[in-house]
Structures are given as structure tokens and as C-alpha cells.
Amino acid sequence: MAQPSCMCFNTPMRILVTGAAGFIGAATAQALLDEGHDVVGIDDVNDYYETTLKDARLAKLGSSPRFRFERANLADRAAMERIFRTGAFARVAHLGAQAGVRHSIDQPLSYVESNLLGTAHVLEGCRHHGVEHLVYASTSSVYGLHTDLPYSTSASASHPMSFYSATKRSTELMAHSYSHLFRLPTTGLRFFTVYGPWGRPDMALFKFTRAIIEGTPIQVYNQGQHSRDFTYIDDVVRAVVAALARTATPDPDFNPARPNEDSSSAPWRIYNVGCGEPVPLMRYLELIEQNVGCKAVMEMLPAQPGDVADTFAEIGGLVRDLGVRPEVTVEEGVARFVKWFRGYYGI
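So the mapping is simple: the working numbering equals the position in the sequence shown, first residue as 1, plus 17.
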């Protein structure tokens, strides 16, 4: 689908990308560099998963003279103030966060520090330093106990099942308050199970591929009775870049007597970023097996606390407003990942 003319950046800009050593952050930073923008990346390069992968992503970005990296923690108020004060950023892609549903059960306070305090620092930086538009990462996990599929951004997201999703829902509300009080345009993107080359080692595709190649058992939760709206990284990045280019505006049809869940009288918007086509977990596993060339050894287990059974994104707003329609099928996406994985690790 051709993107509307309003989707394009008129001139190169200086853009801040938080979480630049991360999966989505690094891919977004690369796309912005490819479009001719100057990019400043922030990341603390923590050891939530292997730092060598994060270093390799940063090394790729560092080959461009228009990329500058700041190693900093989002929760470090002084560092964030300095970066914003000296940065002169036109727009911000806030993609840095402490990720992981299960990890949030064991280490909830790290999510307070990174996701809540870190986002507050980003909002303050945008407010005080003339940022035109903030785009930030949210998650499909905010839908929580809601089971009416497909998930619509007009539906309630008031019953999160994990502390991770609670913090991400909180960032949406924090952003709304800044949009309302200070007229800071903000756009939240609820990502649905992002996968692809250079992905996160704690995600299913990475873990399953490695285990199948090594011949070790894989843990399949909920007896494999899950489905996920798997969304390829390139499609996610196109959504982030398109959102950055289309500054959020107030909804002229907003009715405060019956308020929408995904728009406002403030310049604040929420979009689902998914493929719009859920895939059973066992089909996903089958595709990995086909591309690796051997069968998985499976250990079937009960559902994990905080996990939802199924996800399925309603993406009408993404297509209508941002002009982005997912293009990469799960068959093609898994094949690309396995090829990258074998090449990166030499196996």
C-alpha cells in the first residue's frame, strides 16, 4: 500500500532512539540512518541477555558517521537531562525498556526503574527541549485478561496480567497526561510478538532454533495451545518510522462523555502493530523445524503465570492512519531468521 504524502519526512532530522542496542531500537536506528537522518542512540547495554549481541548491533550502527551512541541508563536523571539539553532532537523514538513478562515476576523493581522512571525522564526531556513528536513502545500484553479477539485499540486495557504489562500500560497513561497538559504529541505502538534477524535471545524463536540445532529439549508452555500474532521486524520498523513522520493530533470526534481508548482531545494516539493473522505456536515450531532441518525434542508444560493464551491484532488504524500494512509472512520471516542465526553463530 502506498504511503500517504503526510507520511514522509520533508527534511532530514536529528532523532533520538532509546534502546538503540536492543532488537527493535537498533533496527529502527538503522532505518532512520538509511533515510538520511542523524541519529543519537541511548542504551545502558545491560546483561538481561548476551551483551555481545548488543555490541554487534551497535557496531553495525557505528559504521555510519551520522550515528552517535550514548551509553546511559534511562533512570539516570542527570544523564538524560544532559542528552536532551545538548541534543536538539526533532523527534524521539522511545524504544528502551526492561522487557520480559516472566522476568517481571522475579525482578519487578527493575521495571519501575527502567519503564516508569525512565519514561518519565524521556517525557520531561521532550517537554522542556522542543521535541515535536514522541513515539514510544508499548505492548500487546496490556490487553491482559481481555479475551475478545482480535484485540482492538478501542477495547479496555485495564486488567494487565503481568507487572511488565502494567508498567507499559502506565507509560501510555503517563504520555497522555503530558499530551494533555503540555500539548506534547505522543504516539504509542503496541507491538505484537516481534521476531526476525538480530532478535532477542529470550524470545521463543531464538530459544527454539538454538535448542533444535543443538538437539536439546525445548520447553513448550500451555501444552503448546498458544497462538501469537507474530510480527516481522521490518514491518515493525516501518510502523515506527511512519509514526515518527506523522505527528499525533487531537481527535476532532473525541467525546469526553464517551471517551475513546485510543485517541483523545489531546495530541495522543495508540496503534496496534501486528501482522493481523495469529499463528498457532505448534505451526511456528513446525516452520522452525523445516528450516533447521530436524525435529524438536519437546517438553510440554503448563501455562506460565502472566502469559495470555492468544494474541491477535486488529490493525485498521495502523493501515488507515499510518499507511502501513504488514508484508512479511511468518513462513518467510522464520526462514530469514534461521538463515541469519546460522550465519551469525556459524552453525
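I should point out that these hints are in silico values taken from the structure, not numbers from a laboratory. A couple of the hints might just be wrong.
[Claimed, not checked] Pairwise CB distance ranges, derived in the manner of DEER restraints:
#: 1; residue 1: A352; residue 2: S80; range: 25 to 35 angstroms
#: 2; residue 1: L126; residue 2: S175; range: 19 to 29 angstroms
#: 3; residue 1: P29; residue 2: P322; range: 43 to 53 angstroms
#: 4; residue 1: H176; residue 2: S80; range: 43 to 53 angstroms
#: 5; residue 1: D270; residue 2: H176; range: 34 to 44 angstroms
#: 6; residue 1: G79; residue 2: F271; range: 42 to 52 angstroms
#: 7; residue 1: E344; residue 2: S80; range: 44 to 54 angstroms
#: 8; residue 1: A105; residue 2: A76; range: 24 to 34 angstroms
#: 9; residue 1: A76; residue 2: D270; range: 17 to 27 angstroms
[As the list claims (entries may be wrong)] Below, simulated SDA-like cross-link-like pairs (lysine to any residue); rule was C-alpha separation at most 25 angstroms, straight line:
#: 10; residue 1: K77; residue 2: P214
#: 11; residue 1: K224; residue 2: Q240
#: 12; residue 1: K356; residue 2: H145
Ideal Cβ positions, reconstructed from N, Cα and C, are used throughout, including at glycine.
**Request:** Indicate whether the distance between the beta carbons of E344 and S80 respects the range 44 to 54 angstroms.
**Result:** violated, 26 angstroms
Is K356 close enough to H145, meaning Cα to Cα at most 25 angstroms?
-> The given pair, whose Cα atoms are some 45 angstroms apart, is violated under the 25 angstroms limit.
Q. Does the hinted range 43 to 53 angstroms hold for P29 and P322 at CB?
A. For P322 against P29, whose Cβ atoms are near 46 angstroms apart, the range 43 to 53 angstroms holds.
Given the proposed pairing of K224 with Q240, does the C-alpha separation stay at or below 25 angstroms? The given pair, whose Cα atoms are some 17 angstroms apart, holds under the 25 angstroms limit.
Would you mind confirming whether the straight-line C-alpha gap from K77 to P214 stays at or under 25 angstroms?
Distance of about 13 angstroms is within 25 angstroms: holds.
Notebook entry, point to check: So does A76 sit 17 to 27 angstroms from D270, Cβ to Cβ?
Noted result: violated, 47 angstroms
CB-CB spacing for S80 and A352 relative to the 25 to 35 angstroms hint
Once the Cβ atoms are compared, 26 angstroms apart, the range 25 to 35 angstroms for S80 and A352 holds.
Is 24 to 34 angstroms respected by the C-beta to C-beta distance linking A105 and A76? Hint holds: Cβ distance 26 angstroms, inside 24 to 34 angstroms.
Pairwise beta carbon distance, L126 to S175, judged against the given window 19 to 29 angstroms: Between L126 and S175, where Cβ atoms are some 23 angstroms apart, the hint holds.
Given a hint of 34 to 44 angstroms, does the C-beta separation of D270 and H176 actually sit inside it?
violated, 27 angstroms
Exercise for review: Hint says 42 to 52 angstroms; check whether the CB-CB distance for G79 and F271 agrees.
Suggested key: holds, 43 angstroms
- That 43 to 53 angstroms hint for H176 and S80 (C-beta), does it hold up? holds, 45 angstroms
The structure fails to meet hints 5, 7, 9 and 12 from the earlier list, while all remaining hints are met.
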